[in-house]
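Participant: Protein chains in written order, with my numbering: chain G, 1 to 166; chain P, 167 to 389; chain W, 390 to 780.
Just so you know, the hints here were simulated from the structure itself, not pulled from any lab data. Virtual Cβ for every residue (Gly too), placed ideally from N, Cα, C. Among the hints, erroneous ones may be present.
To be verified - Each computed DSSO-like pair below joins lysine-lysine, with the alpha-carbon atoms no more than 30 angstroms apart: (1) LYS471(W) to LYS545(W); (2) LYS475(W) to LYS190(P); (3) LYS471(W) to LYS174(P).
Said to hold, decoys possible - Derived coverage of chain W by chain P (criterion: at least 3 residues anywhere in the stretch with Cβ under 8 angstroms from a Cβ of chain P; other residues may be distant): (4) 408 to 416; (5) 704 to 713.
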Amino acid sequence: MTISFLLLAAITITGTAAAMSLKNAVHCILALTLGMVGLAALYLQLGAEFVGLTQILVYVGAVAILAVFAIMMTRSRTSETAAGSDPSRFSGLVTALLLFTVLAVAICTGISSQTLGGTPPEATVHAVGVALMQRFILPLEIIGVLLTAALIGAGMLAIEEKGEGR
Amino acid sequence: MLGEGIIKGLAETARNFFGSYVNKERLTTVQYPEERLPRIEATRDFPFLVYDGDDWEKGLRCVACQICEKECPPKCIYIEKSKDKKPDAVGKPQNYPAKFDIDVSVCMSCQICVEVCPFDAIKMDVQFELSSDDRFGGLLLTKDKLAKSNEYYHEIHPTEAAGVDAALAEDREKEKEKQRLAAAAAAAAAAAKAAAAAAAPPTTVAATKDGAGSGGAAKEEAK
Amino acid sequence: MPEMIDQIFVRLMHWIIGYVPTSLQPLCSAILSAVAILVVFATIFAIITVLERKGLGRMQNRYGPNRAGPWGLLQPAADGIKSLTKEDIVPHSSDQLVHLMAPILIVITSFLVYAVVPVGKNMVMADLNAGVLFFFAVGSMVELSVFMAGWSSRSKYSLLGAMRAIAQMISYEIPLVLSGVVAIMAAGSLSTVTIVNMQAGYTGIWPHWYLFTPWGITGYILFMIGATAESNRCPFDMPEGESEIIAGYFIEYSGFKFALFFVAEYLGMLATSAMAITLFLGGWAAPFSFLTWIPSWFWFFAKLLLMMMVFIWIRGTLPRLRMDQLMNFGWKFMLPLSLINLFAAGLWHFLPSGPTRWSVDSLLLLLSCFLLSRGLRRNKWFQERTYRFAS
């Protein structure tokens, strides 16, 4: 519980909370990005360079930009939607509480019961690469195939039919 | 081959780059405050007032007729007529501008004032370096700043000035001729009256009055 | 003696840090490095601006700026004073906070990437395990600030500029990263310091730069094209095309905020050039073995200036691309070629060294380059233009 951890946690929580409560969709995305950056900084603080930097690369560099691009492509009026109505808010609250309970129980019973012995494994880029290419090669390949299929599908959807769209 | 055109273009710009250091002919820029291009004679920008002789106040051709003030499209000329009269180049008493201001920040250099002036008193200048740090007064040219000698006019527009001078000289010659004729006629009339008066002394007062009146009429005609 | 001059800045820093209590030493070292980076690269930015304007002028047979100071060398100072003293105008309907944050964020990210660039032997601010990844991750945050600037200004021009900029940056980031990956593959590390150290050896007088391999030169050219597009430079400067959308995403900025965008653009260009030098041109390594007595930092900055010259030269030569040309080039040429280049780099690793792998790799790359360029050309023929109302 160092000062930097508290600071980063505060940034992350503020960002994600603002992402839920702000009215303007673009502000929500920017706040979410702040939360993502805070999370990445937490990873970096824990010494997981690869995960932290990938977090920034993927979530800030790609996901946030994608969301932002979708907003720019669509009409501006839709970007100013009001927060959800009361029933959805209630169900959302229930889901969040349930999820929190599950996570809290898992963390409290899981980690604290078994003490981490010895030195923590070093999550260097090299170690991650070796794990991906040897132990987890099959899941990696399957994900690759899935993403390729998604890419081709998106391309097919986007292609104009011949004869149309002059 | 992909990129062939790019290499050609790069070679061209490289040739320009090194060529501009070797060959001064390539650089067409004129380094303005130090170097200047020769002025073209027909250049014009803002009007000025021409005066004859050495004393600008005495020699100003302008008679404050205010035609230019009325014709000026953006209304940048302001003239105040004088109350008294001064003799002009030929010695005739004329009005003169008590105030003659041109706001060159308003002036659009159309030259209409020059074209309408019947006295060739206003002409176009070539002075363009008028920038000033005084936003209001700096660009409002008063009579003393506007007055420039005929010699200066000759210097900036030689051909045009020669034509104007010739025409003016002709006009003035005619004017003087007429004045002389009128004066002679008046003198003759006065002499005749004087002779008549000598013949009939009691009517002297009336006769001189008549003489003066006829002289005035002759002058009126000459005008 | 050469060793002494080479390490002079490193020793200077150690000497200064020696006066600070031990607990504060890491902090002090970080601050010193950050200040050095700020000062050095801001100065280089100033030099580049005046060089660019003079160079472009000469390419167009003009003098370029020559009034401020001797030969116009004080021009950057004059520009700086001008932009500092200008009025800062914020559009009334703009999103004030986002509008303010965008230039700050873009400058911070532009400076942040220099943390992993080794500018000399033992001269790197942070030798991260995943240095190259850090570079690309932080570099991708520029896109977000571009969007913030374009969107928050509430101007159609700026939004158009931001859309163009983001579309272009996303499209060219992929070939940029993929073409950089070959160097990572060859070095077997993501750390910039290790990559440079791998290239610092010599065979005879020739250096072991990755540039001098078939995949290296292809990767380098692809990387430089990608870097040009990433930094919105000519001929990929559609996001700020003056003749169409005036200044693009930063049109509604004035005064010093405008200058910050300007700074960020040049710093981005310098940063990608520095990364290209690190990945392919041997970083601070001297070009010949008999020139190693010249300090390493000199070589780095000489290479950086040389790269800037090339950027300026290209800007003075090429006209702006059209959007469809840009996208076609990015997706149909750059991306496939960088993937083939990855394959070629892999082949290079497994083939026996000697002329075999040279010829196989070169043939593969030349052939694919030729075929891909034919593919680009095939789509060039447009339909005959028909006029509905005039004819």
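Participant: Does the alpha-carbon distance linking LYS471(W) and LYS545(W) stay inside the 30 angstroms limit?
Facilitator: holds, 27 angstroms
Participant: Given the hinted pair LYS475(W) and LYS190(P), is their alpha-carbon gap at most 30 angstroms?
Facilitator: Given pair LYS475(W), LYS190(P) is violated - Cα atoms ~37 angstroms apart, limit 30 angstroms.
Participant: Holds or violated: the segment 408 to 416 of chain W covered by chain P, criterion of 3 or more residues with Cβ-Cβ distance under 8 angstroms?
Facilitator: n = 0 at 8 angstroms, threshold three: violated.
Participant: Has the given pair, LYS471(W) with LYS174(P), been kept, meaning a C-alpha gap of at most 30 angstroms?
Facilitator: violated, 38 angstroms
Participant: Has the segment 704 to 713 of chain W got at least three residues whose CB is nearer than 8 angstroms to a CB belonging to chain P?
Facilitator: Held - the segment 704 to 713 of chain W has 3 residues with a Cβ nearer than 8 angstroms to chain P, which meets the minimum of three.
Checked against the numbered hints above, the structure violates hints 2, 3, 4; every other hint is satisfied.
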